[in-house]
Amino acid sequence: MVIRPPLGSSGPRLVSRRRGVGAQLALVAVLVVALGACGTDDAADDDPSVVGSGVSVVDPVMPVPAGATGAAYMTIENAGDEPDVLRGVRTVTGEMAMVHRTEIAEDGQATMRPAGAVQVPAGGELVLAPGGLHLMVAVPDGLGVGDVVGLVLEFEDAGEIGIDVEVVGPGEVTG
Amino acid sequence: MSARRILLLVGAVAAFSLIAGCTSPPDQFDRAGAERYGLQGSLLGDALDKPDVVFTDTEGRPYDLRAETAGELTLVFFGYTSCPDVCPIHLDTISQAFNRVQLEGGVPNMVFVGVDTARDTPERLRTYLDRFDRRFVGLTATPEEIDRAMAQLQIPSAVIDAEGAGGDDYLVGHPSQVVVFTPDDKAHIVYPFGATMQVWVDDLPQLERVEWESVT
Chain V
1 MVIRPPLGSS GPRLVSRRRG VGAQLALVAV LVVALGACGT DDAADDDPSV VGSGVSVVDP
61 VMPVPAGATG AAYMTIENAG DEPDVLRGVR TVTGEMAMVH RTEIAEDGQA TMRPAGAVQV
121 PAGGELVLAP GGLHLMVAVP DGLGVGDVVG LVLEFEDAGE IGIDVEVVGP GEVTG
Chain G
1 MSARRILLLV GAVAAFSLIA GCTSPPDQFD RAGAERYGLQ GSLLGDALDK PDVVFTDTEG
61 RPYDLRAETA GELTLVFFGY TSCPDVCPIH LDTISQAFNR VQLEGGVPNM VFVGVDTARD
121 TPERLRTYLD RFDRRFVGLT ATPEEIDRAM AQLQIPSAVI DAEGAGGDDY LVGHPSQVVV
181 FTPDDKAHIV YPFGATMQVW VDDLPQLERV EWESVT
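Residue numbers (our numbering), protein chains in the order written: chain V, 1 to 175; chain G, 1 to 216.
Not one of these hints is a red herring.
Just the calculated beta-carbon pair ranges, DEER-fashion:
#, chain 1, residue 1, chain 2, residue 2, range
1, V, Gly159, G, Val54, 50 to 58 Å
2, G, Asp46, V, Asp141, 39 to 47 Å
3, V, Ala105, G, Ala118, 19 to 27 Å
4, G, Asp49, V, Arg113, 32 to 40 Å
5, G, Glu59, V, Gly142, 18 to 26 Å
6, V, Asp147, G, Arg148, 39 to 47 Å
7, G, Gln206, V, Glu95, 38 to 46 Å
Here are the simulated DMTMM-like pairs of lysine to aspartate or glutamate, each with C-alpha atoms no more than 25 Å apart in a straight line:
#, chain 1, residue 1, chain 2, residue 2
8, G, Lys186, G, Glu68
9, G, Lys186, G, Asp147
10, G, Lys186, G, Glu208
11, G, Lys186, V, Glu106
12, G, Lys186, G, Glu104
13, G, Lys186, V, Asp107
Okay, the calculated bits of chain G under chain V, using three or more residues with CB under 8 Å as the criterion:
#, segment
14, 81-90
15, 152-159
16, 171-181
17, 191-200
Don't read these hints as lab results, they were simulated from the structure.
Positions of the beta carbon are idealized from the N, C-alpha and C atoms, including for glycine.
Based on the sequences and whatever the hints tell you, model everything.
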């Protein structure tokens with residue numbers, strides 16, 4: 001089922017939903033495979049209400065930024081038969097936003113680079129999580145828990161998908 | 001979004017990053033060695049002294065790291081306030097862990113050195129750290145002194161990447177591990193990015209009392 005977020009949802013083709021813990025734990029196994037092997041034939045979801053191309057965004061969140069930029073994390077699912085490619089991201093207000101990847105070298109050095117085009121495998125998913133892929137977004141001062149940041153993800157096949165990223169407490173992503 | 005799921009994601013991504021990044025374990029980090037002490041961090045090859053740099057704290061006062069933290073369990077991390085991904089995760093995780101353990105020596109020192117000296121002013125460091133934990137110490141220094149401190153700790157220097165998205169939005173490379181100085185005032189162990197709150201909760205009490213074997 002596609003569940004629209006209760007507040008602040010607007011814009012074209014907003015597709016996101018929330019999942020129960022059991023499905024989330026199962027998704028972890030899928031994501032490990034997806035990260036390592038770039039694809040699995042198992043459909044992550046055969047929800048018939050997923051729009052058109054089969055690409056949807058699950059649980060977009062941003063820990064409340066402490067500085068000038070925030071990191072948005074989410075899971076991008078592709079229930080279709082063809083891979084898609086995340087080409088970029090923009091904010092609805094024109095602030096800077098980029099798809100970034102944190103890389104941690106053997107000696108511990110962490111760098112962030114633009115991720116370039118990133119594939120979302122057919123029947124699989126692309127996970128944006130701390131220490132890896134994330135959306136780096138310039139944020140205004142005073143952004144607080146409960147606020148919403150509007151972003152537009154740009155896919156090669158699925159086109160533009162608008163998402164409402166919920167600003168959450170920092171503890172929500174660190175456990 | 002459930003905390004457990006994110007926790008598993010962090011672990012999976014961290015593990016993947018480490019595995020993808022190397023074909024053999026880095027020589028600097030000896031994880032198996034830490035296990036014999038009941039610890040989950042990465043043992044350093046050499047026990048290191050605290051840098052002898054005199055920093056500036058968030059009140060603008062000189063801060064002699066060795067003098068201020070002598071005999072105390074002290075965590076040191078080199079990051080920057082505009083860091084969206086790695087730094088906030090470490091800081092929040094450590095703050096939560098501090099609130100969950102009772103240590104004989106009280107709350108450990110958490111020292112954050114802002115390597116992005118152009119933007120990480122004392123005021124900005126204080127505002128940034130207060131979002132996580134008011135007990136955290138924020139330090140700055142000249143780029144040369146910060147480099148010197150990092151060299152003494154045998155960790156890679158910060159890399160200021162002027163490309164980024166232009167203007168103020170440049171990116172900074174920095175070490176992602178937290179360096180831990182036990183009450184003997186030496187660093188024997190570091191904790192890489194991906195160390196969870198539970199890892200800190202497990203290890204902090206042991207770090208306070210561990211007796212390190214001499215390296216022969």
